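Model the full assembly from the supplied sequences, consistent with the hints where possible.
Residues per chain, in single letters:
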Amino acid sequence: DPKIIQKPKYLVAVTGSEKILICEQYLGHNAMYWYRQSAKKPLEFMFSYSYQKLMDNQTASSRFQPQSSKKNHLDLQITALKPDDSATYFCASSQTGQHSGNTLYFGEGSRLIVV
Amino acid sequence: SQWGEENLQALSIQEGEDVTMNCSYKTYTTVVQWYRQKSGKGPAQLILIRSNEREKRSGRLRATLDTSSQSSSLSITGTLATDTAVYFCATDAGTQVVGQLTFGRGTRLQVYA
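Same order as they appear, the protein sequences are chains A and B. Mapping the first sequence onto the numbering used here, position 8 (from 1) lands on 8, and the numbers just tick up by one. Mapping the second sequence onto the numbering used here, position 27 (from 1) lands on 1027, and the numbers just tick up by one.
These are computed hints drawn from the structure, not numbers from a lab. Take these hints with a grain of salt, some might be off.
[Claimed, not checked] Straight-line C-alpha distance at most 20 angstroms; calculated DMTMM-like pairs for lysine to aspartate or glutamate:
1. B:Lys1038 x A:Glu18
2. B:Lys1041 x A:Glu44
3. A:Lys7 x A:Glu18
4. A:Lys82 x A:Glu18
5. B:Lys1041 x A:Glu108
6. B:Lys1041 x A:Glu18
7. B:Lys1056 x B:Glu1015
8. B:Lys1026 x B:Asp1066
9. B:Lys1038 x A:Asp75
Since we're looking at a predicted model, the values are computed, not measured.
See the structure below:
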């Protein structure tokens, strides 16, 4: 059984609309992350959360807002969607929020297509 | 080698053959991690090798790291059709950001039965 649940698995959205991607992990990890993978770019780090606190936001615009209601839960709200936002969004987690040598565990991704 | 603006590399081999995939990175890293991503799935870590290690083995997998040339390799011996996947190397690129890995573009490996 998958230990990191992402929903929905696929979605199609209209330009300008808003969507929320859901992620829950059942690994008992303290840190969670969002990554994005598109046809044009390698897998790309977006956000880092440790103990429900935002640690870093690297490349994402303000249209991308992570939301953590529980320690094992990290959603991603995307507003004013653009076709360039089309990608697969992966949620990941790690045991601790320490820096070096963390193994990341990834979910199966949410594939977003913006038309 | 995978990295930067290079296109995704592709390899096709027969089951039972050995294969080596290479990765070069541009920035100092404390670790190199190798991940495998099967079609429709998320990446899964295979091996983590630290900057003070030159080689790491796990079953049929062997990773090497040469910090002087900033390169790493992943070898698979006796490949199976189930090894078909995209293989990525990832580094921490010296960042202090928790969980931030920089991934290469990957090598697509097709193993024919």
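Now for the hints, and whether the structure bears them out:
1. At roughly 29 angstroms between alpha-carbon atoms, Lys1038 of chain B and Glu18 of chain A are farther apart than 20 angstroms, so this suggested pair is violated.
2. Among the hinted pairs, Lys1041 of chain B with Glu44 of chain A is consistent with the structure: their alpha-carbon atoms are about 16 angstroms apart, no more than 20 angstroms.
3. Under the criterion of a C-alpha separation no larger than 20 angstroms, the hint pairing Lys7 of chain A with Glu18 of chain A is consistent with the structure, at around 15 angstroms.
4. For the hint linking Lys82 of chain A to Glu18 of chain A, the alpha-carbon distance of about 10 angstroms falls within 20 angstroms, and the restraint holds.
5. Restraint check for Lys1041 of chain B and Glu108 of chain A: satisfied, since their Cα atoms lie roughly 5 angstroms apart, inside the 20 angstroms limit.
6. Taken as a hint, the Lys1041 of chain B and Glu18 of chain A pair is broken in the structure, with Cα atoms around 25 angstroms apart against an allowance of 20 angstroms.
7. For a cut-off of 20 angstroms, the pair hint linking Lys1056 of chain B to Glu1015 of chain B is broken: about 23 angstroms separates their Cα positions.
8. Proximity of Lys1026 of chain B to Asp1066 of chain B is assessed by CA-CA distance (about 13 angstroms); at most 20 angstroms being required, the pair is judged to hold.
9. At roughly 24 angstroms between alpha-carbon atoms, Lys1038 of chain B and Asp75 of chain A are farther apart than 20 angstroms, so this suggested pair is violated.
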